[in-house]
Amino acid sequence: MSAIPMLDRKFSSIDFYSIGTRYCSGVSKFLIGILILFSLWWLSVFLITLDPDNDLFLDFGLEAALLAIPDLWSDGTIPEGMITSGYRLGMGLLLSILIGVPVGIVMGRVAWFKKLFNVPFQFFRMVSPLSWEPIAVIVFLQWDDAIIFLIAIASVWPIIFATAAGLEKVDPNWFKVARNLGASKLHMLTRIILPAIAFDVITGIRLALGVAWIVLIPAEFLGVTSGFGFAIQDARESMLYENLMAMILVIGSVGYVLDGICVIFIKKFAWKKA
Amino acid sequence: MMSDSSQPFGTMLAGFFKNPAVSKLLWPLGGLGIILLLWGVFGYFISENPATKSFSTFGLIPTLEAFPILIEEGKIQSAALVSSYRLFSGLGIAILIGLPIGIMVGQLKLFRELSNSPFQLLRMVSPLAWMPLAVFVFSEWDASIIFLIAMASVWPIIFSTAAGLAKVDPAWFKVAKNLGASSTQMVTRIIIPAITFDILGGVRLALGVAWIVLVPAEYLGVTSGLGYAIEDARETLSYNHLTAMVVTIGVIGYALDSLLVILIKKFSWHKGGEF
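Those sequence lines, one after another, are chains A and B.
Going by my numbering, the first sequence opens with residue 459, and the numbers climb by one from there.
Going by my numbering, the second sequence opens with residue 5, and the numbers climb by one from there.
The shape of chain B in the complex, shown without the other chains (with noise of 0.2 Å):
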């Protein structure tokens, strides 16, 4: 009777195991389970060695501990709503600005020639040094810390809008004129469709820098967000609020990189059936 039916349980099992969707699941939950143990292990070490018990608190679990109570406190959320703010109004900014330069830069070439020595002279300027100036200008923090997030983050639109303009077949701008297309329905028909995939690739891009910078930018003078939430964890020397907050980091900006991920492959035509 037993074998009889571990039989089928084991090819259930199998099957389980097999299904792409689980298995998709799984590799990545094994892979985070192995770090865990690493920092687990990491984080054992630390409190039984009497040189280093004062940072056990780094380890994983006084870490999981602080979660509920952050929580609580409403530590986590009011950080990351504070941090959204600034980084939407930012990126957003970044690509009001970008898109259209973008288009410029790749439709017009005596533009593109005579910008990229500055565009790139400015794009190698690191966002930070931009901070003394940007507290000089804007009398509110808030207000500094989306111009930093919007000066680093607009340079990979830029060029990603411009790279993906000199990708379209220019025959379809031959087409388009032919039927009659004004230059509105030239942008709006063609050259944003065309290019959707390669403006999103970009703000990709600038999400990556623009979480870089978030954080440092709030070290600085402002009392809120997850930058202060890291630094404040600091001075009060609570380790596991500070492992804590550095995860929830992690774990935000993942979930908004997969996010364009998922965007990029709705948009991508480059390798749908057609082409």
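Here chain A stands alone, though its shape is the one from the complex (with noise of 0.2 Å):
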């Protein structure tokens, strides 16, 4: 990030760069980032109800959002939308994850199954996850179940490549030296496999959680009655758009907090860079 100063300065003001980087911590940036985009959320609705023929966008408005957040709290929308949503999602990547790091594994060391199986993957990686909706609808009784398989099957695919990704990178020399020392093929797994490729399965989880949290919403716009989607759905039926801005914040933040949870975890394993 550093390595490129000279051309801060080249193109922005050098007074800006300068307390910029003096008075702004991690914390303020981040708040500093937020207030600004709230800034222009506020301005850019101003200026369409400037014209009072646009008065319905009022309800997309920050205040409003703002406001209808403790109430959507209060009467459980929020906090019931985090326990099915993510009891969803966290099932639905739990699954891709005890399927895809195996299948991973098998992939990149097995070489006639790579040769065999990468391009029906790929293929599959590009069926689009909700054009599965109907079929998993059918052959799963629940709704619950049907929205868990699409969110595995979105994420899966993610999670083989990166294992497998990261499984070609390791310098075969450890897999002699290890065999040489004895390891055990259980050893090797968790000794040398899984250590090794912990940054780059995390990695991939972190596509996974980016895919999941796509699916999640659309999949939820069916048949269930609970979940940030149908609280989305239900929004835009009741025309309630204050609640819709809201539920965009919130859906917002809570994907911004898992897709940081998985920052902190890559940067800990992250063992190339140390």
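No false leads were slipped in.
Below are the SDA-like pairs computed for lysine to any residue, each with C-alpha atoms no more than 20 Å apart in a straight line:
{"no.": "1", "chain 1": "A", "residue 1": "LYS573", "chain 2": "B", "residue 2": "ASP261"}
{"no.": "2", "chain 1": "B", "residue 1": "LYS269", "chain 2": "A", "residue 2": "ASN576"}
{"no.": "3", "chain 1": "B", "residue 1": "LYS28", "chain 2": "A", "residue 2": "PHE571"}
Honestly, the hints are just simulated from the structure, not real lab data.
Owing to the predicted nature of the structure, the values given are computational and were not obtained by experimental measurement.
Relying on the hints, combine the two individually framed chains into one complex.
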């Protein structure tokens, strides 16, 4: 990041640069960023609603959304949504990790398996996950299970490919050394493979989370009466647009926190840069 | 005579399979064959079991039979055409917006630091959550779908462009400046060629995301496109049309993804000889 200070000076005003670096700690940068976003949000709704014909847009404003959050919290929409959507997301991701990591390890270690299934897996990855929905609804009796299936089938591919790619980067000599030192297959897995690929697996999980988060909301549009997706659909049908904007804010914040947790773990396991 | 000719034929056959181009094609075909075989067996068991007989059209054979019908009716072609229009419009907007913002994130330290939290927050808003807002703002469904696709796919382009710039050797800018390059030349001669690889990587990620968003976006409101074709097949209970459309979506998605992989390989100077 600091590799291009010369450019910062060339493209931006030097004063702002020095003010920025001197007085902005990580937290205040975060807060200023959010503040700018909220100001732009407020400003755009303000400008749009200057024309009285656009008064309907007032419901989309910042104040309306911030005022709606306590109501949505106390009537249970947000806490219950966190639990039900969190359960579906967690189960789906867990399933895809339980399937994706072993399959990824096989793909990274067994040449013929990769040769056979790389193309079919890439093909399956590019089947848009929601197009499985009608099939999932028929196969699974419960909507919850169908949603978990959709999340799992969307998020298993990044985990498989990241695990396989991580394993391919592992120095083959490590396996040789371990074998010469008398490591069993189990030792090989727990002492070499898993620590070596932890970083890539978690990077894959982060990608998987991003995909699962995209799939979760439309999957909850249909059938269920709980979760973040339902809350969005409900706000739309009842035309409570302040609730809609509040839920968008909540979904973004929860996603941000989950993504941030993944980033912390990625940094923790990044032995390559140590 | 027989044994004489079988020997060269055997080696010829072995040579044929060892040909890298042939084996590169045969392995994936074998993998696809295994998948299709499993599907066929699965379909057979469904149609044999009285409890699941009504779902027998999910099988491989009925699906393959659906393709000529869907193609003759023009359903696949028109759905693919309409969906690609939405997809490419959305991706095009995402590139037009994401590229300059990504360059700014990469070049301007203050912009990068202050935009980080809002961008991450917006990125983690599940794209379909914007759907009611899009429908409210845009009077046409087409425009809403394009907005949703652009909203979903702009983030990978921004972040890949910025990450690509961060990797560029600062000495290049110094050299270019000393040689008298203008700001425009800096962009067209140094920045763009240096980060084309990363931009294409971002476009590939963006395509993956856009492809995920496209289908559910077409479930609502519109009566055309691949998502609508799935929904339509479901409502008319023609399961073989449903599975045929799922396969079609996979094939088109795979083709687009492969196209980007080819482009990425073409522009990857990182792995080229001189580096």
